[in-house]
Every structure is written in structure tokens, then in C-alpha cells.
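Peer 1: These protein sequence lines are chains U and G, in that order.
Start counting at 1 in the first sequence, then tack on 17, and there's your number in our numbering.
Start counting at 1 in the second sequence, then tack on 314, and there's your number in our numbering.
FYI, nobody ran anything at the bench for these hints, they're computed from the structure.
Think of the CB as a built atom: it goes at the ideal place given N, C-alpha and C, for glycine as much as any other residue.
Accuracy of the hints is not assured; some may be wrong.
Stated by the list, open to error - A short, non-exhaustive set of chain G residues, derived as facing chain U with CB atoms under 10 Å:
id: 1; residue: M315
id: 2; residue: K316
id: 3; residue: V318
id: 4; residue: M322
id: 5; residue: E327
id: 6; residue: N330
id: 7; residue: S537
id: 8; residue: E538
id: 9; residue: T543
id: 10; residue: T546
id: 11; residue: L547
id: 12; residue: P551
id: 13; residue: V552
id: 14; residue: S733
id: 15; residue: D734
id: 16; residue: L737
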Amino acid sequence: MKGVFEMENVLEVKELSKQYAKVLAVEKVSFEIGKGEIFALIGPNGAGKTTTIRMISTLLTATSGDAVIDGHSILKEPEKVRECITYLPDEAGAYKNMTGIAYLKFMAGLFYTDPDKISECIERAKGICKLGDRLNDKIGSYSRGMTRKLLLSRAVMTKPKLAILDEPTSGLDVINALEIRKTIKQLAKEDGISFLLSSHNMLEIEFVSDRVGIIAKGHLMTTGRSSELKQRYGAENLEEVFEKVVFENEIR
Amino acid sequence: MKFVNLLMKELKELINVQMILSLVIVLSMFGIMGNVMNGAIDDASEEMTHPKINISDCDDTELTQSIVEMLKSSKAEVKVFDIDSEDYADILNSNGLKSMVIIPEGFTESVNNGEKAQLITVSKLKSASAMANVSSGSDGATELIKKVVTNIVAEGAGISKEQLELIENPVETSENTVVGDKSASIPLNNVLGKITMQNTVLPIIVFMLIVMTSQSLVNSISSEKIDKTLETLLSTPVTRTAIITAKMLAAAIVALINAGAMTFGVSNLMKTSTSQLAEGVSGAVGQYLSADEAINALGLNLSAVDYLLVGLQLFLTIMICLSVSIMLGALVNDTKSSQTVIMPLMILAIVPYIISMLADINALPTVIRIVVYAIPFTHTFSAMQNLMFGNTSLFLIGAVYQLIVFLVCMFFALRLFSSDKILTVSLNFGQKSKYKKKAVSEE
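Can you build the whole structure from these sequences, using the hints too?
Peer 2: Below you can see the structure in the form of C-alpha cells.
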């Protein structure tokens, strides 16, 4: 699937594997993401999406293989990697006793020490989350949708090379989910931020991502644009593609 | 700079309204306890200096009348009652009295016949509390009556006042206390009373600090894990060591604030009660040194260096708590467990706390002594005593042992925090955790 995007790769994952005590959770997963590209990992629960994402975010150590982000290896230079990525975990919360604005300031302060840079980040986040005066309220009083918007704006306020979002819209109502999807698309287009998403909502993926990778039982089965995959598998939608890929794998 | 940012966030999380409120409550509890104790002691000393004597003279002779007059001319507040029944409960209750002395009919007759005369005292037991039942009025009255009767009996037998005095107190004791190679002229109990009070203050503070500090760090780490803010933090460009150090430092600062406030509260409470009791004691034994003088003479007083060493030991204790709490916090995946997970630490603190209050650890059988000394917190509880009694080597061994325990715990805590385990490990109390489920499903 290489060369779909004729541009430099922000992320190159090379045969990444993760062995837990008894089970091989992810085996030799390889893919890449270009600048400003939105790539989605889709797969059933327990397929290895979160483990892959956690390895790329330097939270878990890969058993073998490597991933290179903006020229930095997750194994050799995890600190450098963390400077150019942001990660939004699945069902993440924020510090409930902090106000929205204090949270943004705190998080920006972990990336920059220059006060001007920090204020710049906060301003950007304010513009993206559109929470207005509610930013002065404690996060504990926010609705789920508001919290997610705050967290998403936090994840992109530093203009990372790669924003990694695990199930960014899970548990949200249609309106909030739509807004988040739109924001992601807009940020990729306007700011050139690359996104690595994970989801099991096929509809969302078809709408938001440039390319998808289908992962099942720790193996990356196939990658490609939604349209390509639909054509390749003779399917009407991604859901059908997904079903066929997983079914094929089981027969094999 | 990034570290300061982390530290400030941790401090803001810990120093919140709840923390200030609980500290205020603890301090005001100490205040209330102090007031209650002061009130009880005031009552007791008031009773001692101006006893209330309730007396009923059923004999009504010249002798008994003169006894009542003598009581009235003393410092005591004397009330005379006429009673006509033998229902003592009814007598006390209907008159609202705590105690009463009854001179029964035939009292003078017995005295005059050279027989043992009978005197009746009735006291009311109101509660199990020691202070609430202090009522020395009747005791004083009985003593006085006994003395008067003794004099009459002695006079009748032709014994002079001097002879009587000798018969009553034929031996005079001069009590001395020895500590190490020093001695002072003071009864052992007077010294013990004073230093026991001193040694009660530290254990209370240490125990509360161990519990509060461990709980706050366990909560801090477990709530970050549950809310997944820990994952977010770990993916930012700060080292894991910086994150853990900020958390520990913030918890240590809060522990210091708590320790300061509690020392203030407890020592105030102790000071008011001990000084009042001490006054009573030194007044009673005029021929002896005061407790403070004796403590100085016996070398039991602590120097500034000693206090510094106690502080050092306290610091090591807190550091052990913090390093263990990091590991415990990492094991917890739900809020319920975070409350119970510090139980092992509490048990490790409460065992030496109770033992150090009740017994001399050095005098315990060897096996038990080794077990007790293996608990790192034992050395904190025994630190003050060891310094007080000049067991410097024992103190130093304890401090070195605590340092080793801290380094070992910290090594494992750092290893846990810098490995995958910080996200995958979990301790379940019968239920499958969110994390374990996830890990299994991922597999």
C-alpha cells in the first residue's frame, strides 16, 4: 500500500510485535502514515489496536520490530518521539478538580517551557474546543462531549507531527461525534497534522480516514483507502470489507 | 521548569479543600480534647483544693458536732444533711450529690468505749471515665475524722502527740531514680509520668502521618490510572522519573505540613495537661526535684541534635511509605481498592505503635524482637526512646536499616513505574479489573 500518498512519511511502523506473558498480542505489524494523512486502525475488541497504539506512543515496549516517527525510533529515542506526538487514550478523563483552562496550561507546560509558546497553545486549544467561558469551570462539571472536545483540543494544540487517538468518539452522541470528526479532518487538512485513529465504528472510519488498516488477532490483514478496499473485496461498505477480511483470516 | 509544572499540579491536587478541611477538623478535635481534658483536670484539682463535703450527723453528740465544726473551718465546702432513711441511692439522687459521709448513731459511744467506731461513706459511680469519678471530698472528710478519733484514742491511752506521729510514720523514704550512670532524687513514677507523656506525642503523629501520606499517594496514582490521565502524562515529553519524583515530593511536602500542624496540635494538648498535672505532683512532693529538673539531671532531655535525628528518622519513614505507596497505587484499578490497599502499611505501623507503648522492645524474647525490629516503622517509634536512653548505636542501626528498606522499595517502585507493568499490572479483590480484561482481550 506504500506510495498512496506521495509525500514524506511521518510514521513508519516496521514489523512491530508485542509478546505478553503467554500470548503474542501483536505480530509483525507494518504500516506507514504520510504528512497530513488520517490513518485508522479498525478491528474487533482485543484485536491488538490499543497495544499497537500504546507501543507507538512509547507507553509499552515493543518485543521486536520498530516504529519511526519523524525520524526518531520509538526504541532508541522515546523522549524525542514524545516531543512530536500526542496521545488521547480510549475513554480518557482529565483532572476533575482542575478548570479546563488550567488543564490546557498544565499540559502545554509539559511540552514547552517558553510562556509565549504555552499561551499560543492555549489560544489554539480554545479556538478548537469552542468551550468559551466554560473553560473557567472545573472539568468535573463537564459533560462527556465537552470533556472529549477539551481533550481533543489538548491533543492537537501543540501541533504534533502525529496525533494518536484511541476511539476518539466512543460513547459520544451523534452531534458531538460529528463535530469531533469534522475537527480532525480540518486539522489534517489545514495544519498538516497526521492522525492515527483506532475505532470499531466503520461508518466513522469511512467518513474521516484517508486510509484504513484492518487488524484482527494481532495481525494487520490489509491496508488501503476505503474505496480501494471496497473494490478489492467486492463490498458495498467498509463493514462488509471488514467481515470478509476477518472471515478469510479465520478460514486460513 | 517542566518539573515545577508537574510539582505544582500535584500540590494543587493534594492541597485541596478536603485536605484543609480534614486538617482543620483534626486540629479542632485536638482543641476540643484539650478543653475537655483541661475541664476534667480543673474539676479534679478544684475538688482537691476545695473539696465538697456532704455530711450527715446521725449521732449528734458533742464529739460529732465538733467534728462537723472542724470540717467547716477547713478549706472544704461543707453541707450538712439530715437523713431519715438507709436508702443511700435515694439520698444521693434526691439531693443531687456525688458522695456523702454519714456518722451513724452510736459513733461516739463506740469511741468512748474504746471500740472500733463505724463511719459510712456513699459514693456515686457515674461513668467508666477515670476523671469523671474523681471526688476527694469524702476521702478528706474520712481522713480528718479518723485523725480526730485517733487523737482521742491516743489521749485516752496516754500516748503523746510526738509518740503518735512516730507510730503513724515510723519510716521515712528518700526515693531516687537512676538512668545509666546518673541518678536524681525523684520518685521513679514522677519521671515516668513525664516521659511517657512525651513519648505518646510522637507515635500519634507518626501513625497519622503514615496513614495520611500513604493514602494520598495511593489515591493520586490510582485515580490517574483509573481516569487514564496517567497514560496521557506518560506520553508527554517528560521522563517517568520526573513524574514519580513530582508525586513523591508533593506528598512529602503535604506530609510536612500535616506533621507541623499535628505536632502543634498534639503538643499543645499534651502541654496543657502535663503542666497542670506536673504542678500537682511537684507541689505534693516538695522535697524532691521537679520532673523537668530531674529529667535534665538524668540526661533524659533531648538536645537539638537529637531532635534533628528524630526528624531524619521520620523523614526516612515517610520516604518508605511513599515508595511502597507508589507500588500499591500502581496495583489499584478501582477506587474501592485504593481504600483497602494501604491496610498492610497500616498494620505494619500499628503493631510497633502498640508494642512500643506497652513494652520495652529490647526486653522481648529474641524471636519476637527480631520480627518486630524487621518492621521498618518500629525504628521510628523507638527512635526517641533510644536517643533518650543513650542507645545511639541502636538508633543508628535502625536508621541505616530504614535507609536500606527505602532504597530497596524505591528501586522496585522505579522499576515498576518505568516498565510496561505500570499500565498492565493490577490487583483484584475478587473482581476482574478493567485493565486485566483489556490486557486479556488484547491478547
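Peer 1: So, for every hint listed, does it hold in this structure?
Peer 2: Consistency of the hints with the structure:
1. M315: With a closest approach of 4 Å, the G:M315 hint holds.
2. K316: holds (6 Å)
3. V318: With Cβ-Cβ at 9 Å, under 10 Å, it holds.
4. M322: holds (8 Å)
5. E327: This interface hint holds because 7 Å falls under the 10 Å limit.
6. N330: Hint on G:N330: holds, closest Cβ of chain U at ~6 Å, below 10 Å.
7. S537: Holds - the Cβ of G:S537 comes within 10 Å of chain U, reaching about 9 Å at its closest.
8. E538: holds (9 Å)
9. T543: holds (6 Å)
10. T546: holds (6 Å)
11. L547: Holds. Min distance 8 Å.
12. P551: holds (4 Å)
13. V552: holds (5 Å)
14. S733: This hint holds: G:S733 lies near chain U, its Cβ roughly 8 Å from the closest one there, short of 10 Å.
15. D734: holds (5 Å)
16. L737: The hint holds - G:L737 has a Cβ within 10 Å of chain U, the shortest such distance being about 6 Å.
Against the hints set out earlier in the document, no violation occurs for any number.
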